[in-house]
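A.B. asks: If you want the building blocks of each chain, they are given just below.
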Amino acid sequence: MARDPKKKKLTVDQKRYTELVRDTVPRPRYIKTALLAYFFGGLIALIGQGFIDFYRSSMNLTVKEAANPAVATMIFIGALLTGLGVFDKIARVAGAGLAVPVTGFANSLASAALEFKREGLVFGVGSKMFILAGSVITFGVVTAFIIGLIYAIFIY
Amino acid sequence: MEWQIYIWAFLVGGAFAMIGQLILDYTNYSPGHVLSGFVVAGGILGGLGIYPKLIEFAGGGASMPISSFGNALVQGAISEAERNGVIGVMTGMFELTSTGITAAIVFAFFVALVFNPKG
Numbered sequence: 008m009a010r011d012p013k014k015k016k017l018t019v020d021q022k023r024y025t026e027l028v029r030d031t032v033p034r035p036r037y038i039k040t041a042l043l044a045y046f047f048g049g050l051i052a053l054i055g056q057g058f059i060d061f062y063r064s065s066m067n068l069t070v071k072e073a074a075n076p077a078v079a080t081m082i083f084i085g086a087l088l089t090g091l092g093v094f095d096k097i098a099r100v101a102g103a104g105l106a107v108p109v110t111g112f113a114n115s116l117a118s119a120a121l122e123f124k125r126e127g128l129v130f131g132v133g134s135k136m137f138i139l140a141g142s143v144i145t146f147g148v149v150t151a152f153i154i155g156l157i158y159a160i161f162i163y
Numbered sequence: 656m657e658w659q660i661y662i663w664a665f666l667v668g669g670a671f672a673m674i675g676q677l678i679l680d681y682t683n684y685s686p687g688h689v690l691s692g693f694v695v696a697g698g699i700l701g702g703l704g705i706y707p708k709l710i711e712f713a714g715g716g717a718s719m720p721i722s723s724f725g726n727a728l729v730q731g732a733i734s735e736a737e738r739n740g741v742i743g744v745m746t747g748m749f750e751l752t753s754t755g756i757t758a759a760i761v762f763a764f765f766v767a768l769v770f771n772p773k774g
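As they're listed, the protein sequences go chains A and B.
When we follow the numbering used here, the leftmost residue of the first sequence carries the number 8, and every step to the right adds one.
When we follow the numbering used here, the leftmost residue of the second sequence carries the number 656, and every step to the right adds one.
Careful, some of the hints might be misleading.
Claimed, not checked - Each computed DSS-like pair below joins lysine-lysine, with the alpha-carbon atoms no more than 30 Å apart:
| no. | chain 1 | residue 1 | chain 2 | residue 2 |
| --- | --- | --- | --- | --- |
| 1 | B | K708 | A | K124 |
| 2 | A | K71 | A | K22 |
| 3 | A | K96 | A | K124 |
| 4 | A | K96 | A | K39 |
| 5 | A | K135 | B | K773 |
| 6 | B | K773 | A | K71 |
| 7 | A | K39 | B | K773 |
| 8 | A | K96 | B | K773 |
| 9 | A | K135 | A | K124 |
Treat the hints as calculated values from the structure; they're not laboratory data.
Taking the hints into account, I'd like the entire structure generated from these sequences.
C.D. replies: Written out as structure tokens, the structure is:
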């Protein structure tokens, strides 16, 4: 395994065993999970588009402005479903279909906040909320900063 | 808006999710890696001007996946950079994403207050 380069050499018996295991363990159904992810990811995009059009027509916003409240609504739904315990049940079927849209971002915040609730409001909910979502924000901001610098220095 | 955008939203949004699922299934990366990768990829595509076109074309299909977060960060940073240079990169960074971040923090906080962890 690539994970452990210092691993001892396997004996013949162990090698035979790992081959046996590899052949008997049921292979995950990659095509099925991929299609399910596609379906649920598309469904969430559809619902999001519905909210975009709803906010656009009801609040007289442009398409670009309407995306913000639509994203916020999807985040609300994601966080609420996490609190109700429904999110994990759907995610077991939908896989990345629920994780890749902003609902997954909301779920990572809300589930971390819930999980560490017993450590208190300040050190639990307040600081551990970002334990999963933090890397998304960090890498997003660092990427945007570098690209912004390139623009500021070389293009304008 | 025409109804066709709903078809494109479904197709593009589904494609993003499927790419994520395939990476999860075929590599050892965790969901955290995949989401961070999506944000970085969205940021780079946003910097190249590709992502805004995708949003125009697919609507929710491109603005619901987390990659739009990276794109929005970059768009905020470069639009302020246009006016204020390097300082603008910092002041504009969260200009467009503040709705999403605020919503996520506030809703997650209240969810944690109201509900209790299951199991």
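A.B. asks: Would the hint linking K39(A) and K773(B) be met if the CA-CA limit is 30 Å?
C.D. replies: Within the cut-off at roughly 28 Å; holds.
A.B. asks: K96(A) and K773(B) were given as a pair; does the straight-line alpha-carbon distance stay at or below 30 Å?
C.D. replies: The hint holds at about 12 Å.
A.B. asks: Going straight from one Cα to the other, do K708(B) and K124(A) come out at no more than 30 Å?
C.D. replies: It is violated: about 41 Å lies between the C-alpha atoms, which goes past 30 Å.
A.B. asks: For a C-alpha distance cap of 30 Å, please report whether K96(A) and K39(A) respect it.
C.D. replies: holds, 17 Å
A.B. asks: Would the hint linking K71(A) and K22(A) be met if the CA-CA limit is 30 Å?
C.D. replies: violated, 57 Å
A.B. asks: Please work out if K135(A) and K773(B) have their alpha carbons no farther apart than 30 Å.
C.D. replies: holds, 18 Å
A.B. asks: Does K124(A) lie within 30 Å of K96(A) when you go C-alpha to C-alpha?
C.D. replies: holds, 21 Å
A.B. asks: Given the hint that K773(B) pairs with K71(A), test it: the Cα-Cα distance must not exceed 30 Å.
C.D. replies: The hint is violated at about 38 Å.
A.B. asks: Could you grab the alpha-carbon distance between K135(A) and K124(A) and see if it respects the 30 Å cut-off?
C.D. replies: holds, 9 Å
Consistency note: the structure conflicts with the earlier hints numbered 1, 2, 6.
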